[in-house]
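Asks: Listed here are the chains, written in short residue letters.
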Amino acid sequence: MAYALVAVGYSLVFGILRLINFAHGSIFAFGSYMVFLFYSLGVPMIPAILIALVLSGLLAFGMDKITLEPLRKKNSETITYLITTVGVSFIIQNTLSVQYVFTSERQVFPSTNVFPPISIGNVTIQSSQLIMFVVALILLVILTLVVNKTKMGLAMRATEQNSKAAKLMGVNVNRVIAFTFFMGGASAAIAGALYSGYYQVVYPTMGYLIGLKAFAAAVVGGIGILYGSVVGGLVVGIGECLAAQYIGSNVRDPMAFVILIVILIIKPNGLFGKKGITKV
Amino acid sequence: MLKVTDLNVFYGPIHALKGISLEVSDGEIVTLIGSNGAGKSTTLNSITGLVKVSSGKVELDGKDITNLASHKIVEMGISLSPEGREVFPALSVEENLRLGAYTRQDKGEISANFDRVYELFPRLKERIKQAAGTLSGGEQQMLAIGRSLMSSPRILLLDEPSMGLAPNLVLMIFDLIVSINKQGTTILLIEQNANMALSIASHAYVLETGNISLSGKASDLAKDDRVRRAYLGG
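Taken in sequence, the protein lines are chains A and B.
Its first residue numbered 1, the first sequence is counted upward by one per residue in the working numbering.
Its first residue numbered 1, the second sequence is counted upward by one per residue in the working numbering.
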């Protein structure tokens with residue numbers, strides 16, 4: 001389910017900008033660190049998550065303003081944006097390992113198992129897993145409503161389809177993009193907090209592998225389609241568990257990518273991906 | 001109302017507009033004619049802030065709007081219906097129109113604009129929920145013009161509204177341009193169909209490779225030998 005949460009953030013930004021934000025995994029780690037930081041300072045869990053959510057949103061927003069907006073002004077190639085987000089990703093990751101402020105060691109994160117595990121037959125569900133599942137669904141519903149029902153969402157969809165025409169409608173395209181990044185960053189923070197709560201650990205590079213796997217999940221579900229990402233996340237997550245269970249735990253990590261390759265061969269646009277509109 | 005003075009635009013090393021000046025007065029239809037690559041679209045794109053102006057001035061009612069961001073220019077009352085329509089293909093007709101009214105806050109004004117557009121283009125009303133990408137070329141053109149009217153513009157810029165349309169639709173679009181103008185919207189029209197454009201405009205400018213080569217009353221230009229030979233086929 002953690003993959004679903006992170007994948008939604010990839011999909012959101014990709015859906016609007018046709019850009020893969022490779023810094024997403026690092027923002028996820030940043031969000032988790034912020035929760036950890038404020039929690040250790042004595043802030044209760046929920047407010048700590050809210051603070052982290054805003055800070056991570058601002059981090060993503062700032063990344064766009066400082067590094068990506070100047071590129072848009074110069075009409076740079078897509079690859080330039082991509083490399084920039086990779087660069088930003090490493091900057092964030094390394095900042096998180098700076099001594100005295102944080103540490104590159106793994107640290108124990110408070111558990112989000114707030115109520116006892118639930119047993120159904122011989123299956124036991126941790127409450128932190130359940131929370132992750134519920135939050136992912138709530139997040140999906142909220143983001144879907146924002147994109148489909150609000151004026152900002154309409155501007156987002158217009159920007160995605162034709163940013164020049166969106167400008168002509170009076171849409172401040174830079175603001176729409178910044179807003180999209182903010183939401184992506186905020187969702188990464190929620191994912192980071194819940195992931196760390198489940199595994200009870202926080203470390204600077206925690207976003208690296210999960211970022212890549214969630215990206216695979218987003219592509220499996222059809223990147224740009226929000227509910228597709230949630231389903232993609234589930235497919236990748238369950239696929240991994242089954243592989244670990246029946247083949248061996250060392251095939252766990254490659255599994256996400258095996259699923260990705262198989263799905264792409266069968267359905268090149270992902271499970272729920274739309275084909276391009278042919279008649280214009 | 002709209003005044004462009006000594007406008008220069010470069011695309012890299014290419015000097016696309018070489019110091020053009022033009023003026024559109026309140027309530028007029030002014031047309032800018034010229035062949036492909038003369039700089040007609042560039043002129044409109046630089047007025048609306050899509051293209052960066054190197055030197056020169058664009059003024060709206062005496063206010064300098066040169067190189068302002070496009071969304072601010074729309075707010076000030078200039079609206080462009082771009083070349084090639086550029087509707088949002090996956091959005092419905094209604095959503096396209098709603099985006100046209102993006103800068104408007106007043107609900108009453110927006111619904112009045114919806115009524116106005118549906119009255120001008122009844123075909124759009126029949127297709128409210130249809131995705132814009134599935135409309136015919138003529139319908140998309142209507143949508144593009146309708147959409148640009150949703151921001152209650154004081155001046156409407158039209159870039160090649162007749163392009164790629166069947167002759168009967170061309171006539172219809174030109175009729176509609178005249179009625180939009182009669183309702184009080186000033187119009188700057190760019191056309192390759194010089195004949196039609198000159199017949200509805202009061203003033204005209206002829207653009208040739210980045211320079212205004214001729215200007216004057218549209219009816220005079222329609223009789224001018226040079227114009228006849230170059231753009232009117234004899």
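Calculated from the structure, these hints are not laboratory results.
Cβ atoms here follow ideal geometry from the backbone N, Cα and C, with glycine treated the same way.
Take these hints with a grain of salt, some might be off.
Straight-line Cα separation of at most 27 Å, DSSO-like style, residue types lysine-lysine; simulated pairs [what the hints assert, rightly or not]: (1) Lys65(A) - Lys52(B); (2) Lys164(A) - Lys223(B); (3) Lys125(B) - Lys74(A); (4) Lys18(B) - Lys74(A); (5) Lys125(B) - Lys164(A); (6) Lys151(A) - Lys125(B).
Just the calculated beta-carbon pair ranges, DEER-fashion [claimed, not checked]: (7) Gln192(B) - Thr80(A): 34 to 40 Å; (8) Gly133(B) - Pro47(A): 43 to 49 Å; (9) Val114(A) - Gly133(B): 47 to 53 Å; (10) Asp6(B) - Gly87(A): 41 to 47 Å.
Listed below are several chain B residues computed to face chain A (Cβ distance under 10 Å; list not exhaustive) [stated by the list, open to error]: (11) Val53; (12) Ser54; (13) Glu95; (14) Arg98; (15) Arg147.
Asks: Any hints this thing doesn't respect? Which numbers, in order?
Replies: 2, 3, 11, 12
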